[in-house]
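Taken in sequence, the protein lines are chains A and B.
Numbering of the first sequence is given in our numbering, commencing with residue 1 and proceeding in unit increments.
Numbering of the second sequence is given in our numbering, commencing with residue 1 and proceeding in unit increments.
One thing to keep in mind: the hints can contain errors.
Same chains, same names: a pair is fine if it fits in one copy or spans any two.
Stated by the list, open to error - In silico SDA-like pairs for lysine to any residue, Cα to Cα no more than 20 Å straight-line:
(1) K10 / A273
(2) K54 / T68
(3) K10 / Q46
(4) K201 / D236
(5) K329 / E208
(6) K10 / G271
(7) K54 / F69
(8) K201 / E166
(9) K54 / F27
(10) K54 / A64
(11) K54 / P304
(12) K395 / T45
(13) K10 / E399
(14) K54 / C65
(15) K175 / V314
(16) K10 / D121
(17) K54 / P349
(18) K10 / D277
(19) K403 / V228
(20) K196 / M352
(21) K196 / G13
(22) K395 / S67
(23) K10 / E272
Honestly, the hints are just simulated from the structure, not real lab data.
Here the structure is a predicted model, which is why all the values come from computation and not from measurement.
There are 2 protein chains.
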Amino acid sequence: MYRVNENYLKLPGSYLFSTIAKKVAAFTAANPDESIIRLGIGDVTQPLTDPVIKALHSAVDEMACASTFRGYAPDLGYSFLRETIAQHDYAERGCRIDPDEIFVSDGAKCDSGNIQELFADDSRIAVCDPVYPVYVDSNVMAGRAGTYDPETGYWSRIIYMPCTEENGFVAELPKERPDLIYLCFPNNPTGAAIKKDQLQKWVDYACENGCVIIYDAAYEAYISEEDVPHSVYECDHARECAIEIRSFSKNAGFTGVRLGYTVVPRDLKCGEASLHDMWARRHGTKYNGAPYIIQKAGEACYTPEGQASIRGLVSYYMENASVIYNGLKDMGYTVYGAVNSPYVWLKTPGGMSSWEFFDYLLANAHVVGTPGSGFGPSGEGYFRLTAFGSHENSKAALERFAKL
Amino acid sequence: MYRVNENYLKLPGSYLFSTIAKKVAAFTAANPDESIIRLGIGDVTQPLTDPVIKALHSAVDEMACASTFRGYAPDLGYSFLRETIAQHDYAERGCRIDPDEIFVSDGAKCDSGNIQELFADDSRIAVCDPVYPVYVDSNVMAGRAGTYDPETGYWSRIIYMPCTEENGFVAELPKERPDLIYLCFPNNPTGAAIKKDQLQKWVDYACENGCVIIYDAAYEAYISEEDVPHSVYECDHARECAIEIRSFSKNAGFTGVRLGYTVVPRDLKCGEASLHDMWARRHGTKYNGAPYIIQKAGEACYTPEGQASIRGLVSYYMENASVIYNGLKDMGYTVYGAVNSPYVWLKTPGGMSSWEFFDYLLANAHVVGTPGSGFGPSGEGYFRLTAFGSHENSKAALERFAKL
Numbered sequence: 001m002y003r004v005n006e007n008y009l010k011l012p013g014s015y016l017f018s019t020i021a022k023k024v025a026a027f028t029a030a031n032p033d034e035s036i037i038r039l040g041i042g043d044v045t046q047p048l049t050d051p052v053i054k055a056l057h058s059a060v061d062e063m064a065c066a067s068t069f070r071g072y073a074p075d076l077g078y079s080f081l082r083e084t085i086a087q088h089d090y091a092e093r094g095c096r097i098d099p100d101e102i103f104v105s106d107g108a109k110c111d112s113g114n115i116q117e118l119f120a121d122d123s124r125i126a127v128c129d130p131v132y133p134v135y136v137d138s139n140v141m142a143g144r145a146g147t148y149d150p151e152t153g154y155w156s157r158i159i160y161m162p163c164t165e166e167n168g169f170v171a172e173l174p175k176e177r178p179d180l181i182y183l184c185f186p187n188n189p190t191g192a193a194i195k196k197d198q199l200q201k202w203v204d205y206a207c208e209n210g211c212v213i214i215y216d217a218a219y220e221a222y223i224s225e226e227d228v229p230h231s232v233y234e235c236d237h238a239r240e241c242a243i244e245i246r247s248f249s250k251n252a253g254f255t256g257v258r259l260g261y262t263v264v265p266r267d268l269k270c271g272e273a274s275l276h277d278m279w280a281r282r283h284g285t286k287y288n289g290a291p292y293i294i295q296k297a298g299e300a301c302y303t304p305e306g307q308a309s310i311r312g313l314v315s316y317y318m319e320n321a322s323v324i325y326n327g328l329k330d331m332g333y334t335v336y337g338a339v340n341s342p343y344v345w346l347k348t349p350g351g352m353s354s355w356e357f358f359d360y361l362l363a364n365a366h367v368v369g370t371p372g373s374g375f376g377p378s379g380e381g382y383f384r385l386t387a388f389g390s391h392e393n394s395k396a397a398l399e400r401f402a403k404l
Numbered sequence: 001m002y003r004v005n006e007n008y009l010k011l012p013g014s015y016l017f018s019t020i021a022k023k024v025a026a027f028t029a030a031n032p033d034e035s036i037i038r039l040g041i042g043d044v045t046q047p048l049t050d051p052v053i054k055a056l057h058s059a060v061d062e063m064a065c066a067s068t069f070r071g072y073a074p075d076l077g078y079s080f081l082r083e084t085i086a087q088h089d090y091a092e093r094g095c096r097i098d099p100d101e102i103f104v105s106d107g108a109k110c111d112s113g114n115i116q117e118l119f120a121d122d123s124r125i126a127v128c129d130p131v132y133p134v135y136v137d138s139n140v141m142a143g144r145a146g147t148y149d150p151e152t153g154y155w156s157r158i159i160y161m162p163c164t165e166e167n168g169f170v171a172e173l174p175k176e177r178p179d180l181i182y183l184c185f186p187n188n189p190t191g192a193a194i195k196k197d198q199l200q201k202w203v204d205y206a207c208e209n210g211c212v213i214i215y216d217a218a219y220e221a222y223i224s225e226e227d228v229p230h231s232v233y234e235c236d237h238a239r240e241c242a243i244e245i246r247s248f249s250k251n252a253g254f255t256g257v258r259l260g261y262t263v264v265p266r267d268l269k270c271g272e273a274s275l276h277d278m279w280a281r282r283h284g285t286k287y288n289g290a291p292y293i294i295q296k297a298g299e300a301c302y303t304p305e306g307q308a309s310i311r312g313l314v315s316y317y318m319e320n321a322s323v324i325y326n327g328l329k330d331m332g333y334t335v336y337g338a339v340n341s342p343y344v345w346l347k348t349p350g351g352m353s354s355w356e357f358f359d360y361l362l363a364n365a366h367v368v369g370t371p372g373s374g375f376g377p378s379g380e381g382y383f384r385l386t387a388f389g390s391h392e393n394s395k396a397a398l399e400r401f402a403k404l
């Protein structure tokens with residue numbers, strides 16, 4: 001009899017957002033007349049912008065005509081998009097990244113889940129705590145996490161780096177040496193940003209200790225402060241130790257369109273083995289390129305009109321972030337994030353656990369958020385609200401908070 | 001120092017189609033004035049059909065408006081598409097597949113590369129020889145293939161099932177018991193089809209021996225003969241032993257649009273472990289759903305107009321297949337395939353090796369095909385031509401063959 005990958009069976013319960021969806025569905029079934037405001041999952045709500053819509057229509061028309069029809073995309077992405085990204089996201093920020101080092105994909109979630117495949121089975125990984133669940137779960141599935149302790153919520157082989165009020169939600173360097181270090185800044189879920197000199201310390205640590213940093217910069221567009229780096233490659237020597245993952249989801253609103261990219265510099269080598277070549281091989285073998293029409297939509301994000309439209313979307317959501325942050329603060333909540341990030345990270349009131357507050361908020365305000373403990377043990381006692389709702393919903397949610 | 005997944009380093013050379021692309025690029029650079037006819041990679045050339053184009057434009061318009069905008073798709077696919085697939089591809093053929101057992105994805109290549117993750121690290125896999133390279137390469141990357149013998153082209157832990165003229169390119173049951181059996185019918189690359197009673201024997205073998213069949217039915221739309229099954233679930237008990245992978249690439253011409261699906265029946269269990277639930281967990285953790293606009297395009301393939309347009313595309317390519325097959329036969333080539341498949345599988349003339357014939361054909365006819373040996377040792381001495389060109393190119397290619 002065949003046997004399954006038993007690492008999958010070690011995963012406790014379901015993916016965080018699936019659990020939330022089930023709880024919300026149960027509430028809706030029991031209370032069909034109540035309107036729910038969803039500030040849980042980090043999904044955008046505003047429509048695609050004009051430049052993107054125009055590019056999509058135009059590319060669809062190209063697919064209707066034999067002379068302009070496109071079949072398989074290049075595995076690693078069309079040159080027109082890779083070159084645009086290299087210029088706008090890197091060269092203009094003083095970072096040397098070649099188009100050939102950019103791998104276009106269908107999103108940051110897939111890339112951040114798949115990237116661990118390039119590393120040895122017994123690699124030790126380090127994650128911030130709390131953290132985006134995909135980093136941990138994808139390594140559990142690969143058998144790198146050891147055993148799960150349901151009492152503490154920790155996996156035995158994962159190195160946790162607590163992000164707490166005390167350290168401003170920016171982890172300290174790990175005491176044990178990891179092989180892979182997952183960093184996400186601006187951070188999901190805490191909304192914390194990292195300063196350039198702080199990030200340089202991580203890069204130096206990685207270079208000195210033979211680690212690879214997986215740098216998730218999906219929320220880069222929300223950075224508003226000057227000394228916060230937009231890319232890990234703004235740090236010296238990051239080309240030798242860091243992979244960067246980017247997304248079109250949160251800036252251009254592509255959560256339902258699916259586009260992202262991952263940078264694997266050619267300088268990132270383990271002896272003779274080039275991680276760049278390995279990732280190219282993975283793309284060539286297990287991936288078939290992002291759709292042409294969607295890569296054209298991605299390209300449209302970089303025109304002057306496209307950039308202006310993204311700034312418009314980001315401002316829209318940041319206004320929500322500010323409303324939620326300031327509103328809750330005025331009500332006496334302890335709140336974080338919201339400055340360089342579309343997330344507000346709040347301390348649950350009255351010593352409630354994260355899930356207790358989730359249930360309480362759903363039942364009494366009909367507002368859905370995300371329990372901090374779902375992101376890791378150090379998230380216990382916290383709660384994440386997203387700014388990705390509409391202005392109306394964000395304000396309405398606050399009014400409901402005020403009545404609690 | 002971190003270490004990489006050394007299984008990647010065992011892969012010899014590059015992915016087959018990358019090698020071909022490089023050879024063609026070198027030829028083009030050296031002979032910029034020669035026109036090349038590409039009948040190599042199985043990529044379609046005809047534009048998307050009207051019903052699909054209309055659905056894409058309409059869905060793009062929905063994304064432009066806040067009230068109809070869609071963010072994250074359900075991880076497993078929108079119900080509208082899963083229900084349509086269950087009805088048209090299964091219920092109408094007498095197969096019991098619930099919408100909930102259908103996992104929408106961005107294509108059959110990704111799914112056939114990723115599905116091995118669900119199984120134990122030391123699973124033994126069996127593949128037809130020759131075979132679509134993804135099945136083997138994805139298992140090499142996962143460390144299941146053992147060591148490669150460059151002399152023979154075989155991996156030590158893979159069970160090869162030769163598909164030869166003698167067995168009509170339909171493999172016989174393996175002598176050693178595998179855990180996973182990859183089958184692709186109509187076959188890529190040989191173009192062979194399997195009869196229903198033959199496939200039932202595989203299903204019975206899998207049920208009796210505790211194997212899982214990964215059934216790749218990407219070329220199902222090309223079946224023209226009555227007793228050839230369109231789905232493995234036409235066989236009794238297949239729900240207990242088989243996963244089926246389907247594609248929109250070759251029927252609706254979605255190679256550059258990216259849409260496929262995989263069926264994992266709820267009856268497929270290894271003790272308590274449900275492969276259905278495991279695949280759902282993988283989708284939830286490492287995938288983020290196919291784009292809404294592309295799922296709408298997929299739905300449009302199932303309307304009466306959509307079905308008619310697919311039949312039109314399939315007829316178009318099958319006319320090419322017939323022209324190539326009959327033309328080569330008349331010239332004295334030994335040819336196979338083309339009846340239930342868009343591929344023609346020919347014996348190389350004059351005892352040339354597959355790559356020798358590739359180089360000879362490129363240099364003298366400026367026609368690109370795929371060397372049979374690229375699909376496995378038993379493909380040596382064969383060559384694959386696809387019918388996915390235009391009528392004009394297919395005929396022109398034949399004229400060039402005639403002058404050789």
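Structure-based check of all given hints:
no.	hint	in the structure
1	K10 / A273	between (31 Å within a copy, 11 Å between copies)
2	K54 / T68	both (17 Å within a copy, 17 Å between copies)
3	K10 / Q46	neither (38 Å within a copy, 47 Å between copies)
4	K201 / D236	within (10 Å within a copy, 61 Å between copies)
5	K329 / E208	neither (42 Å within a copy, 65 Å between copies)
6	K10 / G271	between (33 Å within a copy, 15 Å between copies)
7	K54 / F69	both (17 Å within a copy, 15 Å between copies)
8	K201 / E166	within (19 Å within a copy, 65 Å between copies)
9	K54 / F27	neither (39 Å within a copy, 38 Å between copies)
10	K54 / A64	both (16 Å within a copy, 10 Å between copies)
11	K54 / P304	within (14 Å within a copy, 29 Å between copies)
12	K395 / T45	within (15 Å within a copy, 51 Å between copies)
13	K10 / E399	neither (41 Å within a copy, 60 Å between copies)
14	K54 / C65	both (18 Å within a copy, 13 Å between copies)
15	K175 / V314	neither (37 Å within a copy, 61 Å between copies)
16	K10 / D121	both (16 Å within a copy, 15 Å between copies)
17	K54 / P349	neither (46 Å within a copy, 51 Å between copies)
18	K10 / D277	between (32 Å within a copy, 13 Å between copies)
19	K403 / V228	neither (37 Å within a copy, 66 Å between copies)
20	K196 / M352	neither (35 Å within a copy, 61 Å between copies)
21	K196 / G13	neither (38 Å within a copy, 40 Å between copies)
22	K395 / S67	between (50 Å within a copy, 18 Å between copies)
23	K10 / E272	between (34 Å within a copy, 13 Å between copies)
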